[in-house]
Amino acid sequence: MLSNILEFFDNIFLYIAGLIRHFFAWLGFNATVTEIGMGLVYFIAIIAVCVLCALFYVIWERKLAGYIQRRPGPNRLGPNGWFQTIADAIKLLTKEDVVPLNADRVVHLWAALLIFVPPMLSLAVIPFGRQMAALDLSIGLFYLIAVSALSTIPIFMAGWGSNNKYSLMGAMRGVSQMISYEIPMVFSLLGVVLITGTLEMQSIVAAQNHIWFVFLQPVAFIIYLICGLAETNRAPFDLPEGESELTAGIYTEYSGMRYALFFLAEYCNLFVIASIGTTVFLGGWQGPFLPGWVWFLGKTFVLFSFFIFCRWTFPRIRVDQLMNFGWKFLVPISLANILITSIVLFVFNNGLGW
Amino acid sequence: MSDAVKTQTYTLNLGPQHPSTHGVLHVVVEMDGEYCVASKTKIGYLHRGIEKLAESRTYPQVIPYTDRLDYLSGISNNLAYVLAVEKLMGVEVPERAQYIRMITAELMRIASHMVGIGIYIMDLGAVTGAFYPFQLRERVLEMLSQLCGARMTFNYIRIGGVAADLNEDFFKHYEAFLKECPAFIKQYHTLVDDNEIFHARTKGIGKITAEKALNYGLTGPNLRASGVDYDLRRDRPYLQYGKYQINVATTEHGDCYDRYMVRMKEVEESFRLIQQFIQDIPEGPIMAKVPKVIKPPVGDAYHEAENPKGILGCYVASDGSTNPYRVHFRRPSFSNIAIYDEIFIGHKMADLVAILASFDIVLGEIDA
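Each protein sequence line maps, in turn, to chains E and G. Here the first sequence stands for residues 1 to 354, where the numbers follow the working numbering. Here the second sequence stands for residues 1001 to 1368, where the numbers follow the working numbering.
Just so you know, the hints here were simulated from the structure itself, not pulled from any lab data.
Across the chosen pairs, the derived CB separations fall in these ranges: (1) G:1189 to E:82: 31 to 41 Å; (2) E:47 to G:1342: 49 to 59 Å; (3) G:1189 to E:87: 32 to 42 Å; (4) E:3 to G:1176: 53 to 63 Å; (5) G:1176 to E:131: 50 to 60 Å; (6) E:175 to G:1042: 29 to 39 Å; (7) G:1042 to E:47: 43 to 53 Å.
As a list, the in silico DSS-like pairs of lysine-lysine whose alpha-carbon atoms are at most 25 Å apart: (8) G:1186 to G:1172; (9) E:165 to G:1006; (10) G:1348 to E:328; (11) G:1186 to G:1265; (12) G:1042 to G:1212; (13) G:1348 to E:165; (14) G:1042 to G:1207; (15) G:1348 to G:1006; (16) G:1042 to E:165; (17) G:1087 to G:1243; (18) G:1203 to G:1348; (19) E:328 to G:1203; (20) G:1203 to G:1186; (21) G:1348 to G:1212; (22) G:1052 to G:1042; (23) G:1265 to G:1207; (24) G:1265 to G:1212; (25) E:165 to G:1040.
Residues from chain G shown here face chain E by an in silico Cβ test under 8 Å; the list is partial: (26) 1125; (27) 1127; (28) 1128; (29) 1135; (30) 1195; (31) 1348.
We treat Cβ as the ideally placed atom computed from N, Cα and C, and that holds for glycine.
Next up, chain G with everything else stripped away, as it sits in the complex:
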């Protein structure tokens, strides 16, 4: 071949308006034909300055803002913030409220994983795979909306307890959920991971070793898919999680297939836990006695919670006034995507989309 014939790489903007960037993620990839040779992830298109906004709001007023972080698991975000504030104030939360918090948090985990898995399968090209999980998620949202009237922005966990007690309508939908969830899991395994094409598309794609996962600070299902057995609910229990045995799902390979599998197993585990919590829930008040105007003492507190996407850490600093002096969130999706630029390289265009989706990112959380 003569020197005149040359190939060259080209720059492709994957996003910020692209069907599979899960919002407004912008990945600038350098492509050699179908292969990715370099990549740069750009974020910030959905930045709303939640942390700064929190400084000019009172402590309870910050809770609705946390709903907008990872908008697929609002209650879990509420929980991380509220637990940090309670730690700062030294509030003792009634046991029933703690159980309700655990139940709703686990429900939130199922709802969030349903979206994560559904969109992941849709990005692999199977649109039908997105509809079935969404129907189960609908059940969960229905239950939660009976509790607090909202489907996505709950504002349900309050400082000192929860906003409302479990009610009859909640249990009505809970019965339906009890029937549907195991049937869904069985059916979905048949539909998706019994499929040869799904195996071919996900096995060995986007492999992350345990060491690399830890170095990049991955948390949540993405970390456990790489074989690191770490779950805050078991290893540093908060609420009443310590009373229960939690089977942490891990897989060894850390590829896209494992990230799917871990999430499916976590849904099963959460389903089991919810049943147990509802069985064991004690009677009693749902709110602790907290002052009308919340003024935590001067100091700071940090609390981490195992969210569906990973570990959400919340740091609250108080100067003794009604507004927090500083609020900071350690957002799991933000930490998780740091590894993208490294693992994208050498993969094909279609794999980039698979890897991107397998992390189950939410841009509201990345940009905050």
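Next comes chain E alone, as it looks inside the complex:
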């Protein structure tokens, strides 16, 4: 009985998707139109995930930051202040959207929208639970890496389009940082790909049935976390924003909802990084008793909280130190990790030694 209930909850989103599919069929759509309709449903679902996780994690970060700094944090609106983000969002929505006079209007305005594209594209292939991925591409991991590299472009657009020296400096830093840290990040994921021999996200999750890859690839996991922080421009790698140096860096000239979009995108990006980390290193949605998607969200929650702890503990690193750390430390270590993984795999697969 209990297992039946648990299984029902495990598959609840699949049932909902099935119901919608039946509904389309009942409306008399043919197969193609149904597929397009389902695509739209997935699209809306991903937007919902984006917005909901941003809403939740913004307030969670503020709560946790409050705890770290020995102060209450937001505690006025709603039970214990949990509705604060909604109020903030409404406030930002109603504010004037100021565009600087000499700004490159098109670039300036579009940057705030395009910043949302990479995290949304990434979330399409993340398996949230058993069979719960909008798309299950056979090159899933490759696709993720390719897509997440795109987020460099809106960052640079924001910096260039604002016509502000601080913004431009932030953008220059952001681009160099994100491109540099892409490399060790990809290398850290490569170790897992070597073990599983597949790029498909669901297969990577399935391969962690017995042991999570964080135990087989601990170094890669740590490199991934560091690069994840750098990729999403979070402290201690928040150089493009660099509050105390560059006022607000690339966000300096943004106001109202466009600023909020950048803010939301930052949290979505971080959620994507936590999701990839969960899927590749922490066994994805697998876990006993509870439904798969609960496990998935729980694990991302732990990773996200780790990112928050990092942000509120460390000072900001300097731009040249950041580059040195990336190129002279992380890249060699991640390369060595791949080498060792390959040798061990070779020995293991050929039955030598054991």
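Once you've looked at the hints, dock chain G against the given chain E.
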């Protein structure tokens, strides 16, 4: 590369509205990418003409104005002015009042350093580092507000003594402070200077040699960080400081890291001194017998006090009337920032912010 591709420097206005200029300091820097090639510090955005205002106030009325000089250490400023006036008048201050003055001045030093360090760490990007010192500062302000009812603009030191005696509530908060201060120092060392990034950001940044520091007239912790062992409390003692052995903290390198370290050591030393003063404080009156209307004899007097930011000198000239003829303050922050333009050059944008913050400047004092 063809001649068509060129790079050029650009001018960046760091301030007067910038999150890490500690108020309204305006530094015009010429940047070559991330590097600073030239810099010009501009001040005056917070000028209120305190020295001129003092000429149209009576002697006791000037004391509240000194609170607004370095608004993070009001009592220390009161003290420098009052000591100069007392020197002019030749007043003998009761011993108990002198002890209370020393206790509050040392408390002020801790409070001021807490802000200095906290904001410094925040400017390096660790926002949490600003909250912990502020909590200790809160303890100190709480104690002082039990004495005189104010938290920042104290107006506590009066000509001839202090405004009020130490009371029960003061000691209640003092007990809590006794517990918290050592725990804070230990915790903060773990949080901040055990951190690799902090070392990387501050070591070797903004180096000042002892010779250069003396030439530019640096005083206070910034001077001692460069290795010059000079502290007025020990070398030219005033109040009852001469009775005590004061361990002056110095470091050798004169970089941003040392300027942080010196301040942390000074907090420890001040904490030790406060305990000793409270132990040794004698009974007695807290005010000397001074006339109701203060009219110092014609002449002038100058007194220097070791303030948290450096040496605050106060010059008072009297023409025999109830108002001072001229009051001048040698403000430590003002003298300290003169060196900025030289040491900024060659550093990166992020280092400028670190150097700026490591000096622990207060704009109220610079612009007066």
